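K.L.:
Protein chains in written order, with numbering that gives the first Met the number 0: chain F, 0 to 429; chain Y, 0 to 85.
In case anyone wonders, no lab produced these hints; they're calculated from the structure.
Mixed in with the good hints there might be a few duds.
Here are the simulated lysine to any residue pairs, SDA-like style, with alpha carbons at most 20 Å apart [what the hints assert, rightly or not]: (1) LYS50/F x ALA164/F; (2) LYS50/F x ARG3/Y; (3) LYS140/F x SER37/Y; (4) LYS140/F x ASN10/Y; (5) LYS50/F x ALA29/Y; (6) LYS184/F x ALA203/F; (7) LYS140/F x ARG70/Y.
The model shown is predicted, which means the values in this text are computed figures rather than measured ones.
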Amino acid sequence: MRSENKLTCDVAIIGAGPAGIAAACRAAEAGRTVVVLDEGLGPGGQIWRPKLGGLQPKIARRWIERLHATRAVIRESTSVYDSARDASGEFVLRAESAGSALSVRASKVILATGARERFLPFPGWTLPNVVGIGGAQALLKTGMDVSGRRVVIAGSGPLLLPVAASLASAGAKLSLVAEQAPSAKVRRFATSLWRRPRTLVQAATLRSAFLRTRYAMGTWVTSASGDEAVRSVTVTNGQTSQALECDLLCVAFGLVPNLQIARLIGCEVVNGVVKVNAEQETTVANMYCAGEPTGVGGVDLALVEGEIAGIAAVGLSIPQGLAAMRTAFERDMKALDVAFALRPEVTALAQPDTIVCRCEDVRLRDFNPAWTSRQAKLYTRAGMGPCQARICGAALECMMGWSPDSVRPPVEPARLDAFLSDHQVTSTAS
Amino acid sequence: MTLRRFDIMVNGKPVSVRSGSTVAAALLSADQSTFRQSVAGELRGPVCGMGICYECRVTINDVAQQRACLRVVESGMRVETGAAGA
């Protein structure tokens, strides 16, 4: 626990989802030394997480095999909590790796930190068994038994279909799938997919897995109730409301990029995404970014951006084919943003006594809308708990228009002994 | 592929779990929905399932504040939740 491991490499990659894997393959195949740091138990990220006792999707296995064929060093169960530059301009990443301190020195860094779900507070959202939609998928894949459980899904985005299909196939009694976006927008989006017949077939296959369940568009959650855990949820289409009994309620409103490390190192963020050039380089020289942090666009775009970042980081030129693919996938990303834009009602579900910051139990009435996010933090402690505003930050941005405050290390709670072993060096020297 | 089952101790009582599952998934499967109590005393359980929300914190083998969604069950494991009466 006290020993600090040190690694030095040409390219360090934070995150081993599709973007990080693609970047690592390209950089390592060019002969550079590569270190990949990932929080998960194995490469693949959230999207390629295998089902317990099952296999990852074919495309994931292909990429992971390709990664393992390189000499890239992969550190799993590793959370990066600080990033700085030393006098020579090299990056020094500090992480907690399976309970020990790890520091990685690298000339180039590729951020592939992925995205998390956006949660918006509503009365009852803090009850046990109210989970995210991707959250339900993650829990299901890691062994949660849902057979016979009454489940309602209410939220937004393309994740609803695959998660509904997984839950139904696992034996859940799925009573409603509610999408807040109006049906006209979702249909227009589906029509625009004619260029990608494979995607349309996938969607139809997923829908067929829960045909007996109502799939209501223009419908959203307004409250949940229960005592020790959720027992009932109320949904509305703006005209009529309906209460449904449930044992598991899955609610989330799309994805938000993970930007803590990018913000910490000073990468420019515009409209909630990391600004990058055609080579995926951020406004900080030698720091690249790929995948969801540059705009939530899904696995295909993440892979292409990852490849480009990996190629650019080793100083090679970007093949035209890859750049063209990126442009095409970016068009789909914009169509997704339009189709699943949040209706104003879902950002105003919280009542005065609804908890907004779950770590510090700060309620809506504790906030003054005239404050800045910094004032909100100082006066209420909102965003200062263990999740470091990962949940309430995105919510308050939608509800109050507060953009995140400056980021300071550690961006993840780190064990004190990991932290101390970092600073021993400094104290001995002084 | 068949998955082995074994017991872990949750709040001093044996709970049957599937090997390979996370502590969070195992507890939810056993109808244990409360993992901790919030600063105001509310009951809380897992939300994000991926290590972000910190709502699934429990004590594992005497080490407090462990995220149950990031730990795989092991035989002989002892878990204490913050559930009332635990």
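K.L.:
Against the earlier hints, flag every one the structure doesn't satisfy and list their numbers going up.
P.N.:
3, 4
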